[in-house]
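Sequences are here, hints too, so could you generate the full structure?
These protein sequences, in sequence, are chains B and F. Each residue of the first sequence is one higher than the last, beginning at 1 in our numbering. Each residue of the second sequence is one higher than the last, beginning at 1 in our numbering.
For the record, the hints were derived by calculation from the structure and aren't laboratory data. Do not rely on the hints blindly, as some may be mistaken.
Since copy identity is lost for identical chains, a pair holds within one copy or between any two.
Subject to a maximum C-alpha distance of 25 Å in a straight line, what follows is the list of computed PhoX-like cross-link-like pairs (lysine-lysine) [said to hold, decoys possible]:
| no. | residue 1 | residue 2 |
| --- | --- | --- |
| 1 | K209 | K435 |
| 2 | K98 | K251 |
| 3 | K343 | K134 |
| 4 | K337 | K7 |
| 5 | K47 | K57 |
| 6 | K235 | K134 |
| 7 | K343 | K260 |
| 8 | K435 | K349 |
| 9 | K256 | K474 |
Number of protein chains: 2
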Amino acid sequence: MAKGLPKRSEDFSGWYNELVGMADLAENSGVRGCMVIKPYGFAIWEKMQDQLDRMFKETGHQNAYFPLFVPKSLFEAEEKNAEGFAKECAVVTHYRLKTDPEDASKLIVDPNAKLEEELIVRPTSEAIIWNTYKGWIQSYRDLPILINQWANVVRWEMRTRLFLRTAEFLWQEGHTAHATKQEALDETAQMLDVYAAFAENFMAMPVVKGYKTENERFAGADDTYCIEALMQDGKALQAGTSHFLGQNFAKAFDVKFADKDGKQDYVWATSWGVSTRLMGALIMSHSDDYGLVLPPKLAPIQVAIVPIYKGEDQLAQVSEVANEIKDALIAKGLSVKYDDDDKRKPGWKFAEYEVKGVPVRIAIGARDLENGTVEVARRDTMSKETMPREEVVDHVAGLMDEIQCSLLVRNQQFVKENTHEVETWEEFVDVIENKGGFVSAHWDGTGETEQQIKEATKATIRCIPFDAQEVEGKCIFTGNPSKRKVLFAKAY
Amino acid sequence: MAKGLPKRSEDFSGWYNELVGMADLAENSGVRGCMVIKPYGFAIWEKMQDQLDRMFKETGHQNAYFPLFVPKSLFEAEEKNAEGFAKECAVVTHYRLKTDPEDASKLIVDPNAKLEEELIVRPTSEAIIWNTYKGWIQSYRDLPILINQWANVVRWEMRTRLFLRTAEFLWQEGHTAHATKQEALDETAQMLDVYAAFAENFMAMPVVKGYKTENERFAGADDTYCIEALMQDGKALQAGTSHFLGQNFAKAFDVKFADKDGKQDYVWATSWGVSTRLMGALIMSHSDDYGLVLPPKLAPIQVAIVPIYKGEDQLAQVSEVANEIKDALIAKGLSVKYDDDDKRKPGWKFAEYEVKGVPVRIAIGARDLENGTVEVARRDTMSKETMPREEVVDHVAGLMDEIQCSLLVRNQQFVKENTHEVETWEEFVDVIENKGGFVSAHWDGTGETEQQIKEATKATIRCIPFDAQEVEGKCIFTGNPSKRKVLFAKAY
Ligand SMILES: [Zn+2]
Ligand SMILES: [Zn+2]
Numbered sequence: 001m002a003k004g005l006p007k008r009s010e011d012f013s014g015w016y017n018e019l020v021g022m023a024d025l026a027e028n029s030g031v032r033g034c035m036v037i038k039p040y041g042f043a044i045w046e047k048m049q050d051q052l053d054r055m056f057k058e059t060g061h062q063n064a065y066f067p068l069f070v071p072k073s074l075f076e077a078e079e080k081n082a083e084g085f086a087k088e089c090a091v092v093t094h095y096r097l098k099t100d101p102e103d104a105s106k107l108i109v110d111p112n113a114k115l116e117e118e119l120i121v122r123p124t125s126e127a128i129i130w131n132t133y134k135g136w137i138q139s140y141r142d143l144p145i146l147i148n149q150w151a152n153v154v155r156w157e158m159r160t161r162l163f164l165r166t167a168e169f170l171w172q173e174g175h176t177a178h179a180t181k182q183e184a185l186d187e188t189a190q191m192l193d194v195y196a197a198f199a200e201n202f203m204a205m206p207v208v209k210g211y212k213t214e215n216e217r218f219a220g221a222d223d224t225y226c227i228e229a230l231m232q233d234g235k236a237l238q239a240g241t242s243h244f245l246g247q248n249f250a251k252a253f254d255v256k257f258a259d260k261d262g263k264q265d266y267v268w269a270t271s272w273g274v275s276t277r278l279m280g281a282l283i284m285s286h287s288d289d290y291g292l293v294l295p296p297k298l299a300p301i302q303v304a305i306v307p308i309y310k311g312e313d314q315l316a317q318v319s320e321v322a323n324e325i326k327d328a329l330i331a332k333g334l335s336v337k338y339d340d341d342d343k344r345k346p347g348w349k350f351a352e353y354e355v356k357g358v359p360v361r362i363a364i365g366a367r368d369l370e371n372g373t374v375e376v377a378r379r380d381t382m383s384k385e386t387m388p389r390e391e392v393v394d395h396v397a398g399l400m401d402e403i404q405c406s407l408l409v410r411n412q413q414f415v416k417e418n419t420h421e422v423e424t425w426e427e428f429v430d431v432i433e434n435k436g437g438f439v440s441a442h443w444d445g446t447g448e449t450e451q452q453i454k455e456a457t458k459a460t461i462r463c464i465p466f467d468a469q470e471v472e473g474k475c476i477f478t479g480n481p482s483k484r485k486v487l488f489a490k491a492y
Numbered sequence: 001m002a003k004g005l006p007k008r009s010e011d012f013s014g015w016y017n018e019l020v021g022m023a024d025l026a027e028n029s030g031v032r033g034c035m036v037i038k039p040y041g042f043a044i045w046e047k048m049q050d051q052l053d054r055m056f057k058e059t060g061h062q063n064a065y066f067p068l069f070v071p072k073s074l075f076e077a078e079e080k081n082a083e084g085f086a087k088e089c090a091v092v093t094h095y096r097l098k099t100d101p102e103d104a105s106k107l108i109v110d111p112n113a114k115l116e117e118e119l120i121v122r123p124t125s126e127a128i129i130w131n132t133y134k135g136w137i138q139s140y141r142d143l144p145i146l147i148n149q150w151a152n153v154v155r156w157e158m159r160t161r162l163f164l165r166t167a168e169f170l171w172q173e174g175h176t177a178h179a180t181k182q183e184a185l186d187e188t189a190q191m192l193d194v195y196a197a198f199a200e201n202f203m204a205m206p207v208v209k210g211y212k213t214e215n216e217r218f219a220g221a222d223d224t225y226c227i228e229a230l231m232q233d234g235k236a237l238q239a240g241t242s243h244f245l246g247q248n249f250a251k252a253f254d255v256k257f258a259d260k261d262g263k264q265d266y267v268w269a270t271s272w273g274v275s276t277r278l279m280g281a282l283i284m285s286h287s288d289d290y291g292l293v294l295p296p297k298l299a300p301i302q303v304a305i306v307p308i309y310k311g312e313d314q315l316a317q318v319s320e321v322a323n324e325i326k327d328a329l330i331a332k333g334l335s336v337k338y339d340d341d342d343k344r345k346p347g348w349k350f351a352e353y354e355v356k357g358v359p360v361r362i363a364i365g366a367r368d369l370e371n372g373t374v375e376v377a378r379r380d381t382m383s384k385e386t387m388p389r390e391e392v393v394d395h396v397a398g399l400m401d402e403i404q405c406s407l408l409v410r411n412q413q414f415v416k417e418n419t420h421e422v423e424t425w426e427e428f429v430d431v432i433e434n435k436g437g438f439v440s441a442h443w444d445g446t447g448e449t450e451q452q453i454k455e456a457t458k459a460t461i462r463c464i465p466f467d468a469q470e471v472e473g474k475c476i477f478t479g480n481p482s483k484r485k486v487l488f489a490k491a492y
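Below is the structure:
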């Protein structure tokens with residue numbers, strides 16, 4: 001167990017908070033609810049961004065940038081969207097400071113610099129973007145518009161937690177415009193598939209794809225698709241959403257297009273996003289009581305090489321071997337750090353790379369030099385083996401796929417074991433309270449029932465899975481008829 | 001000349017504004033002073049970012065992310081810095097909206113959601129970052145810290161212009177912490193060299209490196225180094241700055257470290273940045289009356305292939321050849337677009353790729369098929385040549401370096417021709433008013449003289465060039481003794 005890190009089984013929440021700090025991922029800042037993403041944490045986020053950006057471009061999207069601020073009159077144009085975000089908006093009201101007349105070393109807001117119209121710091125960009133699209137769209141020739149933006153957004157959350165819920169966070173938001181409803185629906189589904197593929201193939205995190213209930217939909221959407229993941233403590237985490245916005249924003253901003261026959265119609269829209277919240281999901285999916293565990297595809301350092309030596313001569317000998325191995329691994333496309341820092345002991349380095357989740361550690365000591373061996377340690381299994389030096393490069397390169405795959409399989413198994421089918425209210429309450437995990441149960445389809453179940457158990461409907469089978473049944477809460485089971489869980 | 005585009009010689013400023021729109025680079029938004037960076041413009045910015053990011057990492061820097069907001073009490077801690085930016089700050093004062101009691105479809109700022117302490121939207125991040133570094137630095141072992149951030153910043157400018165001066169802009173800001181003054185000075189110089197290398201080798205834009213005068217320094221810096229470029233209208237543009245911050249921020253935020261002997265000292269700092277302003281510099285460096293001209297290394301599309309055909313059969317034949325050439329060019333690492341869009345005529349496409357600055361256009365028609373030829377047009381020289389099909393791939397690949405180099409040489413020649421040595425006030429005024437360009441002249445070293453020259457001519461001291469020779473002379477304005485010439489110009 002890593003020093004100072006609570007055990008997951010005893011204090012999952014404390015474990016998470018400590019781990020985020022110990023692994024140098026992020027910390028709270030001097031600004032309420034806002035985080036500092038530290039270099040090591042940011043390097044992981046950059047790997048996520050790179051891959052997602054590639055996937056967006058492969059599906060025909062381009063990046064652009066829209067303003068941070070949304071004038072209040074634009075913000076309120078789509079009423080449901082505005083209502084949904086109004087209670088958590090940071091508002092800019094002034095554009096100048098001046099010296100405090102009572103204390104020349106202080107500044108005060110200049111009352112003469114009040115804005116005529118307040119500016120909302122974007123909590124999401126539909127309003128400013130659809131106000132812009134209005135100028136870009138006249139005819140079907142201008143469609144589709146397939147744009148993504150990487151940006152910071154602000155939602156004034158009262159209870160915040162690093163990565164999971166912060167007042168400012170980083171995300172990408174896709175905003176597309178289409179000539180037909182079907183095209184927009186296809187786009188909504190496509191982008192959810194992109195998110196699911198990213199979660200499984202890069203984060204090694206299995207997800208359930210489904211529809212949100214009306215209560216849980218994005219404000220202003222006709223339908224919200226989501227991917228839901230299961231954390232090690234049995235709580236669910238919404239990892240990405242893709243919204244079919246219908247013609248709501250086109251109507252709010254009067255965006256029409258002429259089709260091939262010159263007929264005017266409102267434009268169809270989607271939006272979709274994932275955020276630095278994925279960092280929280282990644283951490284809580286794989287990490288253990290020794291610290292962070294990273295899938296190799298998202299690890300900033302995939303292999304750390306640590307020399308064990310006494311004196312400069314031995315270090316020089318070890319370094320020769322270490323650098324050879326390092327260069328050979330880099331030539332195979334791996335990212336490798338050879339840590340010959342003389343200020344730190346090997347034990348300190350072992351603990352450091354463990355807590356930071358480096359997938360593979362290679363140690364080379366004086367005895368290894370004699371025997372022509374090295375020691376290879378896997379972070380995911382904490383297993384070690386000593387092997388001939390000439391085998392290490394191929395072996396470690398192969399471990400990248402092996403670890404990536406094994407983390408996914410392990411988590412798939414975990415989700416399977418922690419998804420419970422229940423038929424009665426008693427079972428439901430028992431599982432939610434005592435086991436956690438996903439609970440598949442019949443529901444009568446009303447928002448009232450959903451709300452009452454939430455109040456009674458804190459469990460929410462995570463989604464109506466795309467692959468839910470049509471099965472007649474009775475709602476666990478009201479006994480009213482139900483056509484399919486939905487997925488409940490307590491959630492982040 | 002491109003339709004609707006003013007001539008540079010007649011209306012440079014109108015030409016710039018039109019061009020930014022016609023080339024689909026950016027546009028004004030519904031938010032005063034804020035721009036929308038359109039996909040084509042953003043793709044160029046992404047190329048700049050990629051390359052700069054690579055250069056920052058090669059020089060040992062890591063990326064991180066710090067909060068958008070700076071609490072007022074932190075903002076005012078470094079007094080000079082605070083004073084310098086106080087007059088252009090967007091200020092968040094409230095964190096919630098509510099329904100307007102007089103009109104349920106409107107929102108108003110909720111007076112009960114006033115922040116206890118106002119938040120400044122970062123105009124630059126020294127304050128929030130040094131408040132964070134305080135927690136990271138105890139001993140010399142924690143130094144240096146070499147961090148960069150890609151972010152949006154807000155400076156409430158009254159007169160704005162796309163890319164050149166906008167209320168919100170995108171930039172990178174490096175913030176480093178060092179144990180010694182010399183190390184911080186070396187870092188300041190190193191990063192200016194990185195900027196200069198980027199400007200010359202990627203933007204094909206020659207720059208002068210130098211020191212800013214005290215009047216023109218970054219607020220809170222002990223010294224500001226800059227790179228200055230010369231635009232086609234003879235006005236200078238500050239393209240990047242690197243600041244030696246001394247111990248000013250360490251003192252303001254009480255950031256000390258223990259050296260090897262346990263002695264406490266304040267930490268030394270630098271910061272350095274370039275912004276989307278570079279887009280403006282790029283545009284005004286190379287473009288012409290036909291539209292944008294892009295150096296190949298920053299062009300999102302390096303080669304556009306346009307088919308000229310009648311009917312589907314001819315298109316199919318041309319496409320076979322075009323796709324072969326396209327694939328061969330992509331295999332050589334070029335980014336190529338084959339534009340077989342049937343909704344647009346070849347003439348329209350020619351104009352489109354011209355106005356968008358695509359470095360090379362290949363046209364293939366029916367006669368080319370017969371003759372085994374293609375037509376290759378260079379955007380920088382607007383020259384065309386017809387060549388055997390089997391030569392085109394090597395030729396066009398070679399053109400990338402040739403065009404990149406030729407743009408740089410052309411601009412070096414331009415800077416040389418437009419840098420004037422003057423000895424008297426009359427000469428100075430004449431050159432500034434009638435010729436423009438850089439004016440190298442003696443100056444007595446005082447802020448007062450600098451200010452009076454500015455008021456009389458609008459020319460400012462762009463920099464004291466690093467390579468300025470020690471030559472005794474007399475200030476053009478006061479006649480007082482001067483030890484070296486400095487570089488004046490009217491500037492953006
Ligand atoms: Zn093995
Ligand atoms: Zn040629």
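Comparing the hints with the structure gives:
| no. | hint | result |
| --- | --- | --- |
| 1 | K209 with K435 | within (22 Å within a copy, 66 Å between copies) |
| 2 | K98 with K251 | between (42 Å within a copy, 23 Å between copies) |
| 3 | K343 with K134 | between (60 Å within a copy, 22 Å between copies) |
| 4 | K337 with K7 | neither (29 Å within a copy, 55 Å between copies) |
| 5 | K47 with K57 | both (16 Å within a copy, 15 Å between copies) |
| 6 | K235 with K134 | neither (41 Å within a copy, 36 Å between copies) |
| 7 | K343 with K260 | between (71 Å within a copy, 12 Å between copies) |
| 8 | K435 with K349 | neither (37 Å within a copy, 63 Å between copies) |
| 9 | K256 with K474 | neither (45 Å within a copy, 67 Å between copies) |
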